[in-house]
Structures are given as structure tokens and as C-alpha cells.
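K.L.:
Spelled out from the first residue to the last, the chains are:
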Amino acid sequence: MSGTRLARNEQINGWLFIAPSVLLIGIFLVYPILWSLWMSFQVGKGMNFSFGGFTNIIRLTKDPIFQIALTNTLIFLVFQVPIMLTLALLLASALNDPKLKFRGFFRTAIFLPCVTSLVAYSALFRSMFSNEGVVNKTLMAMHIIDQPILWTSDPFWAKVLVISAITWRWTGYNMIFYLAALQNIDRSIYEAAKIDGVPAWARFTQITVPMLKPVILFTSVTSTIGTLQLFDEVFNITEGGPANATMTLSLYIYNLTFRFMPSFGYASTVSYVIVVGVAILSFVQFYLARERSRA
Amino acid sequence: MSGLKLRGVRKSYGNVQVLKGIDLDIDSKEFVVFVGPSGCGKSTLLRMIAGLEDITDGDIAIGGRRVNDVDPSKRGIAMVFQSYALYPHMTVRENMGFALKFAGVPKAEIEKQVQEAAKILELQPLLERRPKELSGGQRQRVAIGRAIVRHPQVFLFDEPLSNLDAELRVHMRIEIAKLHKELQTTIIYVTHDQVEAMTLADKIVVLRGGEIAQVGTPLKLYDDPDNLFVAGFIGSPKMNFLKGQLENERVVLPEYGNISFPASVSASAPQEVTVGIRPDAFDAGGSEQLPLKVEIVEHLGNETYAYGRLGSGELLTIATDNDRQVKPGDDFVARFNPSSLLLFSEDGQRIR
Ligand SMILES: Nc1ncnc2c1ncn2[C@@H]1O[C@H](COP(=O)(O)OP(=O)(O)OP(=O)(O)O)[C@@H](O)[C@H]1O
Ligand SMILES: [Mg+2]
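Chains as they are written, first to last, in our numbering: chain A, 7 to 301; chain B, 6 to 357.
Honestly, the hints are just simulated from the structure, not real lab data.
One thing to keep in mind: the hints can contain errors.
Pairs of lysine to aspartate or glutamate, DMTMM-like flavour, derived with a Cα cap of 25 Å [to be verified]: (1) Lys137(B) <-> Asp152(A); (2) Lys200(A) <-> Glu99(B); (3) Lys105(A) <-> Asp62(B); (4) Lys200(A) <-> Asp59(B); (5) Lys200(A) <-> Glu114(B); (6) Lys200(A) <-> Asp76(B); (7) Lys200(A) <-> Asp352(B); (8) Lys10(B) <-> Glu197(A).
Covered stretches of chain A, as calculated for chain B (at least 3 residues, CB under 8 Å) [to be verified]: (9) 191–197; (10) 201–209.
Glycine included, every Cβ here is placed at the ideal spot set by N, Cα and C.
Construct all of the structure, not just a fragment, from the sequences and the given hints.
P.N.:
Structural data, given as C-alpha cells:
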């Protein structure tokens, strides 16, 4: 029993120590989460709202912009995450080779984008990918295209632009995780594989990748969450356009709350779509990556 | 034909020369042990034979074929690493069959080979386990199994037993000796443990500072070392070394009351020498005597070692023929025959 005085004192002390953080977490994390859950069942504009039951969920099914935003978000997810993670893994493998010169330089260079200022990088991307920008000029000079690509006004190329931008910004970040994991792999495993006559591609696919599985799972879950919440790039570079071609769920939530006549209830419902999406996709990824039981 | 020929093999890292010209012949089916202190270049030499390190200079031939530029997987070698280097995400079966998969061996044949190796190494009940579910000794056997299935001409072992506890080490040592008999292949084995070297080797290569100090059978190195280093390195407990002088066909030990006895060799001019005598070369029936004061006594059961000295002289180790009565503080007369002494010149070379 913890009925003794000493034990009770310890309990009180313990609670006192964590009280500040519990309070802060409660006010700024738990309360908003619960409040938004409650809000997601409210209908009405601005501060006039009333309980609407499933009205908002029904509205989701009839809202074309929501459906575009959802589709766009999923398109970004399906293309961007695998491209970025594969790229990060290949780069990490290459940069882990002890014979490579200037390794430190390359590592830093590839990691830097994710610590640069969002605004600066958005401005840079906008100018680089403008119709007269350096990207179009280079591609034309190399005779890959004969007229400028309308990066920000063509629905397809706008998506490509957004995917390139996120990939540029986050590949290095994921690569660092892979590099750290690679450095923990015993080098003699690769030497054994060399002696065993395992070709380089198989060393990568059948040794490196399986051994990095836990890290790959981690990065794919965090990247999935990041992409489902995609906001920065579409807000700053394309502003959701052209014609909602790069509208994402997060940007739509922002517009619902701050652009149009605020519709807090409906915006909360859309937020919970992201929550459910993250939960489902994370579960699927953990399920796919589980230790297979032996036959 | 699976002998090896090493000619003038050198290895440098930048300006640092790690191997300074190794010439060595290894016969087919021979069990050769590279032994030497830490950092002398044993692993480097082995890894060069394996093809994991570039050869700075010189030639390596396996089975009469120069292999300097041959891919590691095509040299007819298999290697067992100190850290085992098993593929952690694969079962024992997959670990052992992995190399064969890439050699284009049919599935049924792979399975047969794996089963055969598992039988030799008593791994059959463990085939479905992963490395982390195995003990150290079992992992080591899997690593050996992975080498066996490839039927190499030459097995390379780099300190395969140093991660095991003492008892298991002795056990695995015997297993490896048995394996050599069964497989009838050339084995090159690296260790810094001279007992392992003595018990396993047909031929020992003692390395020191990137050079070969001596090559020979275990008993040759024990009985007839070429230099001080080999004399001191081989044998446990270590050989005793005393300062002495060689003059007029007699050896004088100034630190032991200037006792003198006939030398087996003659010197033209008087010279400083090091006198080597193994602890078990002391013999109660010997003709010469060294008076000592015993400082430490070690009872091993089958043998008792007394450690003693005279005045400020070297501490000598003496196997007492299991004389259990010796105590620290005792006066002890160690007897020996001059013929069981080895003499070394000032530069460490044996005087024969
Ligand atoms: N990659 C490297 N770069 C520079 N020097 C190296 C490198 N690898 C080994 N050396 C040096 O080469 C020498 C021989 O190393 P090696 O690993 O062959 O020693 P060893 O005899 O196997 O020692 P141990 O018994 O400790 O394993 C050492 O002095 C080591 O510092
Ligand atoms: Mg070594």
C-alpha cells in the first residue's frame, strides 16, 4: 500500500514536478484536440454554430473542392514519398562509401535544404521555375524542350513543381537517418557478401534495404504524415493553383478557416480526415513491415 | 592444387608501410597460422589474400594463378570473420545458401549443400533461426557453414574464436582441427593466441611489425627459434631471458654471481648475449645451478611455477616438476643443463 506518509509525499512531489508540463500539454494539445473533435460536429458560420450531427460528414461527400484536395494530397503522397525515400536511400548508400572524396561536403550540401528558411526557399523556387526562370532557360539551352514549361499555370507541371520542391527540401533530412543507420552496420557483412559473390545491386536490395527496414518504416511514416499535412509549399509557391490543381487538405482547411467566411466546424471535420488518413496509413505501414513469422 | 605463393607482398596506407615485403609459400591442404602481436599486420595480410584490400606491391598466387586483380568471389577462397558477419535478417539456412544463389546453383542443390554443411557442423535443428537467436558458438558455426558450402580451395579465418569464452574456444578449436581433417583444404588462420597457433598449425608464420619473423612447424619454432622475438612469443609461460656474456666458449651471468658454464657455441671476441631458457628446461638433475629467492608461486595442479630472482636480476619462471612444497621467500636452487640454453646476440638473432 502507498498509504504511508513517505509514499504520499513522493506522490505529491512527483505530480508537482510534472504539473507544469501536464498543464501546458493539457491547454495547448489535449484541449484543442478534444475541442476540434467537438467542433467537427458543429455547423454554422463564424461564431454562430450549432450541433449538426453528421451534417459535416455528408457535406464532405458533396464538396467538389474537398474531393480535389483529397485527390491531390493522395497524388502527392503516392508519388512524392517513394521518390524521396528511394533517392534518400541511394544517396545515403553512396555517401557511406568510405572511398568517396568530399563526403562531408556532400552530406552537408544535401542536408542543408531542410534547415533553410521556408520563405527564402519558396521565393527561390518561384523565381527559378517562373516562365523566364533559370530552369526553363537551362532546359531550352539543352534542347530538352523547345518552349518554356508553364510551371505555375499548368495543372500537371504545377504538381511536378510541388513534388520537386518537397523532395528537394526533405530528401537530405531522410538521408541523415539512413546514413546514421548505415554506419551502425558491421562493414564485414558487406565484405562477406563480396566474398560470397553477391553483386552490388543485390548487396543494396538484399542486405542494405532489409537491414534498414526499421528506419525505412520510421521515415515512411513521418514522410506520410508530412505529406498528408502538406501546406508550406503549396501555400507559398503555387497558392493552391492553378484552379485548385495543387490544393491540399491542409490548405483547404486554412482557406475554410481564414480565407472564406470562417467555417470552423467543417474545417475541423476536414482535419479529422487527415487524422484518420494518418492513422490508417501508419497502421498499414506497420503491418506491412512487421516481422514475418517463420514458415 | 590449392597452394599459395606470396612474393614481395607489401601494403601501405598513405606513407605508412604496414607490410614490408612478405615472401611465403603455403602448400596445398596445409593448416597455416599467422600469429603475432596486435597491429603486426596479420589481418591486413589475410584480407589481401581474400581480395578485400588492394595489394600495394608484390604478387599473390592461389593454386598457381596470380590473383592480384581477381575479384574476391573468384579467388576460390572463403572467409570467416571475427564478428561472424552473418546476415542478420536471414535465417541460418538463408545465410548459408546466399552465396550459392548468386553462383547460379539450382535450388535443390543449394538445399543439399546446406544440409550437408549443417550436418557437419551439427546445425540441423537451428536452420530456421536468425543469428540473433543463436549463441556465439552457434553463430561461429554458421559462419563456418557459410564458408563450407562454397567448397573453397582455401579457408581464411580471422581470429574466429576471440569472441568466445575460454571453454567454448577450446571446444571450437578442436572442431576446426577436425574440420580440416574432413575437408582436406588449405586453411589460413589468424590469431594472436600462441596456444591456438601451436595446437592447430601445420606451419606457423610469426609476424612482427609487418615482417615475417620466422616460419616453421610449431615444434620447430618452440625448440629452435631464429630470434629473441619468436623465442619470447612462442611458449607459455614465456621463455626466461638473462643478460650474459659469451667469451672463450663460456657463458657468464654477471647478475647471478658471475656463474659460468660451457657454451654450445664459440665466439671470436667476447660479446654481450641474451641467454634464453624455457621454464620447463630447468631440471633437478642439471649440471649447473642458479641460486634464487622465490617471490611468487603458482599452483596449477599438474604443475607448479615458481617465480624467483637473485638480487636485482630478472624474475625467472621455473617449472618445478610439480614441487608443491615451494613457498614464497624460500631459497631455491634451479638446476639446468647448458645444452638446453639458447643464445641470442645483441641484435636479437640466434647464435647457433
Ligand atoms: N585502413 C587503414 N588505414 C591505416 N592504417 C591501417 C588501416 N588498417 C590497418 N592499419 C594499420 O595496419 C597495421 C596492421 O593492422 P592489422 O589489422 O593487420 O593488425 P593485426 O595484426 O590484425 O592486429 P590485431 O591482432 O589487433 O587484429 C596496424 O598498425 C593498423 O594501425
Ligand atoms: Mg586483426
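K.L.:
Hint by hint, say whether it matches the structure.
P.N.:
Hints and how they fare:
no.: 1; hint: Lys137(B) <-> Asp152(A); in the structure: 58 Å, violated
no.: 2; hint: Lys200(A) <-> Glu99(B); in the structure: 16 Å, holds
no.: 3; hint: Lys105(A) <-> Asp62(B); in the structure: 20 Å, holds
no.: 4; hint: Lys200(A) <-> Asp59(B); in the structure: 14 Å, holds
no.: 5; hint: Lys200(A) <-> Glu114(B); in the structure: 22 Å, holds
no.: 6; hint: Lys200(A) <-> Asp76(B); in the structure: 8 Å, holds
no.: 7; hint: Lys200(A) <-> Asp352(B); in the structure: 44 Å, violated
no.: 8; hint: Lys10(B) <-> Glu197(A); in the structure: 23 Å, holds
no.: 9; hint: 191–197; in the structure: holds (count 4)
no.: 10; hint: 201–209; in the structure: holds (count 6)
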